[in-house]
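Enquirer: So you can see what is in the structure, the chains are spelled out below.
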Amino acid sequence: MVHGEVWTLKELFVYPNEYIYWSIQIVMYPFMTGLVAGAFVLSSLYHVFGIKQLKEMARFALVFSFALLFAAPMPIVLHLQFPFRGINVFMTPHFTSAIAAFGIVFFTYGAIVASELWFLYRKHFVEIALPLKQKQDKSLFEWIKFLIFCALTLGEYNIDEESLKRDEKAIKILAGLGIPVACFLHGYAGFIFGSVKANALWMTPLMPVIFIMSAIVSGIALCMLTYIVTMEIRKLIFARKKTPYQVFQSKEEIKGVEINVIQMTARYLLFFLIFAISLELLDLIFRGYTAVKSWDVLRSVIYGKDFIDIFILQYGIGNLVPFILFLMPGLTIRRAVLGVILVLFGVFMMRWNVVIGGQAFSLSFAGYMHYHMPIIPHDWDTFKEGLGGALSIFIMPFVLFWIISKLFPVFEYKESH
Amino acid sequence: MKNHVYRPLIVVLCLIGLILIARIFYVPKDFGVHERGYMYGWYREGNTEDWTKVAVKYQGEDYCKGCHPDKYDSIMKTPHAIIQCENCHGPAIEHPSNPQKLAIDKSRAQCLRCHASLPYPTSGRAKIRGIDPEKHNPDIECVMCHNPHKPSLEGLK
Amino acid sequence: MINRRDFLKNTVKGIAGITLSLSAIEIIDPQKIFADKTDKSKVRWVFLVDTYKCVGCGFCVKACKQENEIPYDANVTRTWVERYVITKDGKFFADTPKGARDGFITGKIDLGQGKFQDIKKEDIDKAFFVPKLCNQCENPPCVQVCPVGATYQAPDGVVLVDRKWCIGCGYCIMGCPYGVRFFHPVYHTAEKCNFCYHRITKGLKTACVQACPFGARQIGNIKDPNDPVTKIIMTERVGILKEEYGTKPQVYYIGLDKEVK
Chain W
0 MVHGEVWTLK ELFVYPNEYI YWSIQIVMYP FMTGLVAGAF VLSSLYHVFG
50 IKQLKEMARF ALVFSFALLF AAPMPIVLHL QFPFRGINVF MTPHFTSAIA
100 AFGIVFFTYG AIVASELWFL YRKHFVEIAL PLKQKQDKSL FEWIKFLIFC
150 ALTLGEYNID EESLKRDEKA IKILAGLGIP VACFLHGYAG FIFGSVKANA
200 LWMTPLMPVI FIMSAIVSGI ALCMLTYIVT MEIRKLIFAR KKTPYQVFQS
250 KEEIKGVEIN VIQMTARYLL FFLIFAISLE LLDLIFRGYT AVKSWDVLRS
300 VIYGKDFIDI FILQYGIGNL VPFILFLMPG LTIRRAVLGV ILVLFGVFMM
350 RWNVVIGGQA FSLSFAGYMH YHMPIIPHDW DTFKEGLGGA LSIFIMPFVL
400 FWIISKLFPV FEYKESH
Chain B
0 MKNHVYRPLI VVLCLIGLIL IARIFYVPKD FGVHERGYMY GWYREGNTED
50 WTKVAVKYQG EDYCKGCHPD KYDSIMKTPH AIIQCENCHG PAIEHPSNPQ
100 KLAIDKSRAQ CLRCHASLPY PTSGRAKIRG IDPEKHNPDI ECVMCHNPHK
150 PSLEGLK
Chain F
0 MINRRDFLKN TVKGIAGITL SLSAIEIIDP QKIFADKTDK SKVRWVFLVD
50 TYKCVGCGFC VKACKQENEI PYDANVTRTW VERYVITKDG KFFADTPKGA
100 RDGFITGKID LGQGKFQDIK KEDIDKAFFV PKLCNQCENP PCVQVCPVGA
150 TYQAPDGVVL VDRKWCIGCG YCIMGCPYGV RFFHPVYHTA EKCNFCYHRI
200 TKGLKTACVQ ACPFGARQIG NIKDPNDPVT KIIMTERVGI LKEEYGTKPQ
250 VYYIGLDKEV K
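Chains as they are written, first to last, in numbering that gives the first Met the number 0: chain W, 0 to 416; chain B, 0 to 156; chain F, 0 to 260.
Take the hints with a grain of salt, since some may be wrong.
[Unchecked claim] With a cut-off of at most 25 Å between alpha-carbon atoms, the simulated PhoX-like pairs for lysine-lysine come out as follows:
id: 1; chain 1: B; residue 1: Lys-52; chain 2: F; residue 2: Lys-41
id: 2; chain 1: B; residue 1: Lys-70; chain 2: F; residue 2: Lys-204
id: 3; chain 1: F; residue 1: Lys-257; chain 2: B; residue 2: Lys-134
id: 4; chain 1: W; residue 1: Lys-54; chain 2: W; residue 2: Lys-168
In case anyone wonders, no lab produced these hints; they're calculated from the structure.
Sequences are here, hints too, so could you generate the full structure?
Expert: Written out as structure tokens, the structure reads:
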């Protein structure tokens with residue numbers, strides 16, 4: 000069977016070679032890179048602009064963004080017919096292609112996040128590595144730990160006042176530098192679609208900007224969600240142990256900090272959400288008003304075949320409902336959770352409607368294609384380009400976050416600078 | 000570089016260096032910018048050569064004529080002269096050495112490609128003598144009565 | 000005497016310096032790009048389709064699939080034939096069942112999903128067939144978007160795919176406005192019509208041109224003023240497909256209609 004044939008249903012006049020070649024993994028790809036970019040921008044709001052209320056969130060968002068960073072290229076790698084040839088993008092990059100920039104942008108961004116994390120946690124590494132270095136008879140476990148942290152210090156053990164000041168300065172510069180790079184990372188994901196002139200739905204210069212805005216929205220939402228979950232777990236631990244837990248003295252104190260952070264972050268979420276929706280509506284109105292050749296088929300897709308996906312699921316449940324939830328006074332944790340889950344869903348549906356919706360009509364403008372996502376896989380292809388593959392990609396950053404937070408403690412770590 | 004601030008930068012530079020070294024070994028020597036410039040001509044030159052080496056399967060009627068001049072001459076006198084031998088007899092690539100390889104298509108569907116009547120104005124199809132496949136002896140093969148090498152009605156078996 | 004740290008540092012600097020200065024950095028050599036703007040090659044392959052002559056027999060598709068080793072029963076094809084039927088009440092119908100590999104043997108239009116539309120002879124205003132194949136564009140958008148340089152335009156204008164280098168991202172498939180590209184069912188790399196490159200470079204016609212009994216398809220060299228195809232393109236009224244995309248397609252059509260998609 001031809002690649003794509005399993006999940007594509009054709010209707011009316013479709014060219015013989017047309018199938019939905021870009022399926023669920025390509026939906027996941029901008030969704031995941033969007034989360035990366037959003038999480039980073041959130042953390043930079045504190046480091047660069049000094050928004051104090053986000054202090055608690057900033058460190059967390061940065062580590063989470065690092066975890067997401069490793070998961071972000073996975074969908075595109077899984078989607079390749081030859082995943083191991085993916086290295087060719089680094090070896091013979093063809094920069095007239097938006098995908099070729101991926102290697103460089105991704106690497107630059109990764110380097111910035113990793114460096115920023117290094118400066119943020121350098122003191123922590125030294126504090127662990129130094130005592131181990133002096134210890135005479137290390138056990139095997141201690142040897143491994145020592146080697147890891149020794150490597151992480153990059154051979155620099157100086158943590159006096161002056162050097163820590165330099166760290167702080169470096170963090171600020173990197174965080175500032177990181178914002179445009181993060182936006183570029185995701186804006187270019189939008190460019191991958193926006194620059195395809197063959198696709199009537201994708202081709203618009205607004206695409207990268209729309210992608211960046213919704214990326215920041217989704218990144219903030221995911222950080223809020225993960226933050227709430229971790230705080231709730233800590234409350235549970237606290238309730239069980241009944242002893243002061245790390246920096247916090249009481250359960251009420253955790254609660255107070257939590258709702259405060261969430262309310263602050265929610266404001267920024269709303270701000271970017273308004274931006275994202277305005278741009279998307281502008282695009283839609285403009286297409287209808289100018290009504291070029293492709294508008295007939297686009298209209299039949301947007302207002303007909305994909306009406307539920309676009310107007311009910313994306314704009315209604317994904318944008319309008321959380322908008323109202325956050326605007327109502329007296330935001331509670333429970334409402335915030337519901338709100339951010341709906342926002343995440345809304346952004347996912349936006350990616351879906353762009354990627355799948357863009358392939359819902361034929362290049363002939365006289366036929367349609369319907370995507371049926373493989374739920375139960377019967378071979379490797381239907382697994383990776385189906386529900387299983389998408390879920391694995393979605394779970395991946397959480398697993399990575401758990402592993403990475405062993406090296407970069409997010410909550411237990413006391414503020415040093 | 001006394002300042003520790005530059006250490007991450009050194010790590011990054013080393014990584015870039017590694018990638019650049021890897022390129023030397025990984026990328027074929029003939030990969031580069033060719034006639035059409037970087038936008039359209041960035042490729043491995045040897046590949047053009049690879050494509051020219053694909054085996055030719057359809058040899059053309061002149062090739063068939065070499066061994067079967069009688070058949071060739073006779074069909075040249077009929078309206079079917081315009082049809083290549085290999086359109087029905089299959090590609091001749093292994094034919095002289097392995098005669099069994101030729102899969103001759105005598106099916107009804109083969110004849111209907113042109114002779115199923117489709118009254119399409121402004122198309123050459125309307126000018127071809129055709130039948131309605133559902134009404135014209137639907138259950139039997141065309142070759143039971145018609146001789147594709149002598150398609151005129153005198154050729155009826 | 001140098002200590003270990005300085006030694007390591009210098010080594011790193013040295014390696015970085017050497018590699019940077021080496022040819023490794025040569026991703027683009029500007030001189031090569033700009034120097035080669037003048038076209039030295041004497042060949043530019045183009046194609047000419049006369050839609051008046053096409054009868055929709057599909058012999059071209061059959062020959063193409065066998066000549067170019069595209070699995071015969073796979074629902075993809077390098078070339079195909081479309082049928083257009085416009086009825087008296089202004090309705091538009093088009094189909095290409097199996098890419099017309101078996102020709103058009105019924106008047107019923109294939110609407111997809113197992114549905115067919117019967118059209119009465121009296122209702123037809125105009126109806127015709129249009130063969131399609133890769134346009135070997137002068138500005139191929141598929142080549143522009145390939146991230147690794149696995150697809151490219153050969154000096155004679157034909158766009159080829161390097162099966163050893165293609166990563167299978169599908170960007171070129173999405174980038175082609177004509178829908179000529181697909182993933183090869185066996186090699187899993189991007190695949191497309193290449194004007195039977197192995198034939199035209201040997202002086203043969205493409206398989207589809209040879210197989211066409213009606214002369215609806217012709218291939219020629221636009222740089223040769225005596226080529227019959229060149230003469231037709233230069234002296235007669237010919238059209239191209241989807242020129243609004245700015246791809247400068249090099250498959251010319253006689254008898255194109257506004258309804259042709």
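Enquirer: If a hint holds in the structure, say so; if it doesn't, say that too.
Expert: Status of the hints after comparison with the structure:
no. : hint                     : in the structure
1   : Lys-52/B with Lys-41/F   : 21 Å, holds
2   : Lys-70/B with Lys-204/F  : 23 Å, holds
3   : Lys-257/F with Lys-134/B : 35 Å, violated
4   : Lys-54/W with Lys-168/W  : 16 Å, holds
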